[in-house]
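J.: All chains, full assembly: derive it from the sequences and hints.
Residues per chain, in single letters:
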Amino acid sequence: MNWLVRITASLLLLVFSSALMAEEVEVTLPSGNVIAYTRYPASGNDLLLWFASERGLGKAESHAALELSEKGVEVWLFDLASALFLPQTPSSLDGIQAGDMQRLLERASSTGARLCVYAPSRAAVPVLRGLAGRPDINARVLLMHPNFYSRVDALDGADYLSFGSLKSVDVLVLQPRRSAATPWVDNQVEALRKTGANTALKMLERLREGFWVREDATDYEVNQGRNLAEHMLNWMKGTP
Amino acid sequence: MMRLHTLFFTLIFLMASQSFAAGGFRQLDPVSPPDLTLKDLTGEIRNLNDFKGKVILVNFWATWCPPCRREMPSMQRLKEKMSRRPFVILGVDSAEQREEVEEFLNLVKIDFPILLDPDTAATRRWKVFALPTSFLVDRNGKVRYSISGPTEWDEGEAVQIIELLMQEK
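As given, the protein sequences belong to chains A and B, one line each in that order.
Counted the way my numbering counts, the first sequence spans residues 584 to 823.
Counted the way my numbering counts, the second sequence spans residues 68 to 236.
Possibly wrong hints are sitting among the right ones.
Derived DSBU-like pairs (lysine-lysine); straight-line CA-CA distance at most 30 Å [unchecked claim]: (1) A:LYS642 <-> A:LYS785; (2) B:LYS194 <-> A:LYS777; (3) B:LYS121 <-> B:LYS209; (4) A:LYS785 <-> B:LYS194; (5) A:LYS750 <-> A:LYS785; (6) B:LYS194 <-> B:LYS176.
Listed below are several chain B residues computed to face chain A (Cβ distance under 10 Å; list not exhaustive) [as the list claims (entries may be wrong)]: (7) PHE127; (8) TRP131; (9) GLU163; (10) PRO199.
It should be emphasised that the hints constitute simulated quantities derived from the structure, not laboratory data.
All residues carry an ideal CB built from backbone N, CA and C; glycine is no exception.
T.: Below you can see the structure in the form of structure tokens.
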């Protein structure tokens, strides 16, 4: 029985020490806005900038950030909509200035770590705007069911936002199969390739958009949500 | 006095048509629909031309889409309400196999035709970017309204628009 108490205590210590290591960091942006993000430090040479979608952060994302830091990947977790007091709508994130994003990316780049940026849904827009025309910032970008439409009309068609040159950027588009965007994902990939981004696509079978936060998640989605950190490591490395 | 009367009713009509748009329905310039030739669950090939002279509700959906599932019962009630009228509903399941649809239909009883679009060719031809997305085709075979997102099909503006389209020659 004694050993059980010891192991439990050690595990609790491990969890709490990692959680305590996470810190809130404030940055003043060129626009004058001051935003806070959560930094999960790690000893490795990988830095992941994790941006929440326009719907904000879910618990699964904070858990995954913590897990990643324990596995040696430092994570900076951003919820731009909350930090800037923006409404939780896709267009809110469109208003974030490219200069502000560049300040965050420069700060990350200056650490010398291998940089990866993760952005779900409409968070793709500020991230790609920030990276456009900045060949000095070397980053791998993971776009989870990205939404960068400028216009969508049923029966008529859709247009995509233009970002300028993304020649120095490697993009992996992560597309849940069970999504209304799936029939159009090749067009999105093509639009990214036109910017010069080296773009690949990974289809996520049996999953829906936001599977890690859905209230109506299937058992499979719940399991995949729990393994978000493990998936992220694979996506960062480019392995299946 | 007569002119005032006319102006009053014109304003009421304009406000009513604006309220249709405000509720989520998008009024379109009448346009010929893209091709819609698909197999139904029995394997029979169906085409929009099979329903010429009727108002057609074309509803793109999928079983994994909660808002699509939510609006299905109201579509069934609408179908029953309009049973003797020149009106038909065609559900188009996007990107799924027959077995997945049949499993869902064991839970939700609907008896209007469900067409299968497993390779999303029709979904792409109709330029459907969200699920559910529905279209109302008038009796002359022109698409007149679209709506992206769910609605209560058996009440309110949905019924009003369908009634108006059925009254047209």
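J.: Quick check on the hint: PHE127 of chain B CB to chain A CB, less than 10 Å?
T.: It holds, given that the least Cβ distance between PHE127 of chain B and chain A is near 9 Å, below 10 Å.
J.: Verify the proposed pairing of LYS785 of chain A with LYS194 of chain B, using a straight-line Cα cut of 30 Å.
T.: holds (23 Å)
J.: Taken at face value, is the distance from the CA of LYS209 of chain B to the CA of LYS121 of chain B at most 30 Å?
T.: Roughly 11 Å between the alpha carbons, so the hint for LYS121 of chain B and LYS209 of chain B holds.
J.: Holds or violated: LYS194 of chain B with LYS777 of chain A, Cα cutoff 30 Å?
T.: Judged against 30 Å, a Cα distance of about 22 Å means the pair holds.
J.: Hint check: LYS194 of chain B vs LYS176 of chain B, CA-CA at most 30 Å. Holds or violated?
T.: Holds, because 28 Å separates the two Cα atoms, which is no more than 30 Å.
J.: Given PRO199 of chain B as an interface hint, is the shortest Cβ-Cβ distance to chain A below 10 Å?
T.: holds (9 Å)
J.: Going by Cβ atoms only, is GLU163 of chain B closer than 10 Å to chain A?
T.: holds (9 Å)
J.: Straight-line Cα separation of LYS750 of chain A and LYS785 of chain A no greater than 30 Å?
T.: OK: LYS750 of chain A and LYS785 of chain A at ~20 Å, within 30 Å.
J.: Classify the hint on TRP131 of chain B as holds or violated, based on whether any CB of chain A lies nearer than 10 Å to its CB.
T.: holds (4 Å)
J.: So if I understand the rule, the pair passes when the alpha-carbon distance is 30 Å or less; does LYS642 of chain A with LYS785 of chain A pass?
T.: holds (24 Å)
Against the hints set out earlier in the document, no violation occurs for any number.
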